[in-house]
Every structure is written in structure tokens, then in C-alpha cells.
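*Asks:* Chains as they are written, first to last, in our numbering: chain U, 1 to 112; chain H, 113 to 227.
Label-pair distances were calculated between CB atoms; the ranges are:
#1 U:46 to H:152: 19 to 27 Å
#2 U:59 to H:130: 38 to 46 Å
#3 H:163 to U:17: 43 to 51 Å
#4 H:184 to U:111: 48 to 56 Å
#5 U:62 to H:211: 22 to 30 Å
#6 U:3 to H:182: 26 to 34 Å
#7 U:82 to H:165: 45 to 53 Å
No lab work stands behind these hints: they were computed from the structure. Positions of the beta carbon are idealized from the N, C-alpha and C atoms, including for glycine.
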Amino acid sequence: GENVEQHPSTLSVQEGDSAVIKCTYSDSASNYFPWYKQELGKRPQLIIDIRSNVGEKKDQRIAVTLNKTAKHFSLHITETQPEDSAVYFCAATGSGNTPLVFGKGTRLSVIA
Amino acid sequence: GAVVSQHPSWVICKSGTSVKIECRSLDFQATTMFWYRQFPKQSLMLMATSNEGSKATYEQGVEKDKFLINHASLTLSTLTVTSAHPEDSSFYICSARGPGGIEQFFGPGTRLTVL
Chain U
1 GENVEQHPST LSVQEGDSAV IKCTYSDSAS NYFPWYKQEL GKRPQLIIDI
51 RSNVGEKKDQ RIAVTLNKTA KHFSLHITET QPEDSAVYFC AATGSGNTPL
101 VFGKGTRLSV IA
Chain H
113 GAVVSQHPSW VICKSGTSVK IECRSLDFQA TTMFWYRQFP KQSLMLMATS
163 NEGSKATYEQ GVEKDKFLIN HASLTLSTLT VTSAHPEDSS FYICSARGPG
213 GIEQFFGPGT RLTVL
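In isolation and in its complexed conformation, chain U is listed as follows:
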């Protein structure tokens, strides 16, 4: 089955700096890679996703890149703000009934 590794587990950045979180996956059949932001006690909130036919996707301050050959995908947050502080999860899945498999999460702290 799918295995998703996520690094780093914690990340502290100064407000205005960029943050990068990296994930690797094991199943070459996976073709959908979402990123979630989770605040304490809340459901995961989808912030951006990418499908395997695309190498990069951007939405304002957030971008995701995908390298299918290396089975890597990364989340980039630019101009970080204190409200970006949360736990971020990457995930991967294929089609059909295959579920999302999550990385272990990254706790991002943006210091004002």
C-alpha cells in the first residue's frame, strides 16, 4: 500500500519568510496529492492539490510542485503570516476506492 513520508515535523519561520514542506510517496499509481491545514480540534482543510498530469500549481501565496519520477511533492508558502501557523499534512491517493494516506504532519510556527 501507499506510504507517505513528510519532512520536517516542525518548522519555525519569521513572518514574511517562505516555508517549504516536502513529502515523498511510494506508490507510483497515486495520482492525486492534496495538502491540508489543520487547526486544533478541527477537520483538515484542503488548501491546494495537484494531480499527476501537472508539475506545478499556484494559488496566491501557496504553491505545490510534483516530481513524479522521484515521487516527491512539496508545499511552498511565501510571505508567511502568523495566521499560517498550524499543522500541515500532505496526502496521496490513486483512483477508485483507494483512500487518502497522510504524512505525519508538519507543525508550522510563524513568528511575528
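Go by the hints and put chain H onto chain U.
*Replies:* The following block gives chain H in isolation, referenced to the frame of chain U:
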């Protein structure tokens, strides 16, 4: 669109009792529903996958007789934690996927505390 509700949002029960958690897709038909469990400061761990009208598929290490899953309709799945114990205390989150879709839509979660 793509709203998933979960009920209750939190529950406190005594050890040995059973607790039922409902997950509903409000505006789409969920052919597949997934149940996750999240312990404090950990990731979401898949417990089981259920398809409407068929038996759930449980992940390794998840006791199917303890965590009963029913997916009786295209909009409702239930998770019953039977004979709950303190170690079952966790945040339970369901998610649903529509026909032909790949995105999973998450419910708000249920905080279970077993005393």
C-alpha cells in the same frame, strides 16, 4: 457543495458502553466513505473504507468487531465503538467521496472521551 456532517461533535462515555457516530454527505451521494482516527499530535490514521451496501474493509490492526461500520445508504455511514475503553479516546473523522471523484470531503470530526 460537497458538505459532510458528523454527529455528535463530542461525546463522553463510561468505559464499557457503546458509542455511535454518524457521518452524512449533505449534498452529494457518497459511494465511498472513509473513517480515520487521530490521536493528539499525530496524523490521521485510516481505520476502514466502506462502500454503500457492502461490508467495510478494515485496515490492519483495526478490530472489526469493536469498530462496527455500516454504510446503509449513499448519504449515511455510521461507526459504532463497542465496549469503549479509555484507549479508544480519540478524534474520529469521516470523509466521503462521490462517484467518479477523487477528492475526499471531511466531516468536522467527533471527539470521543472514554472515562
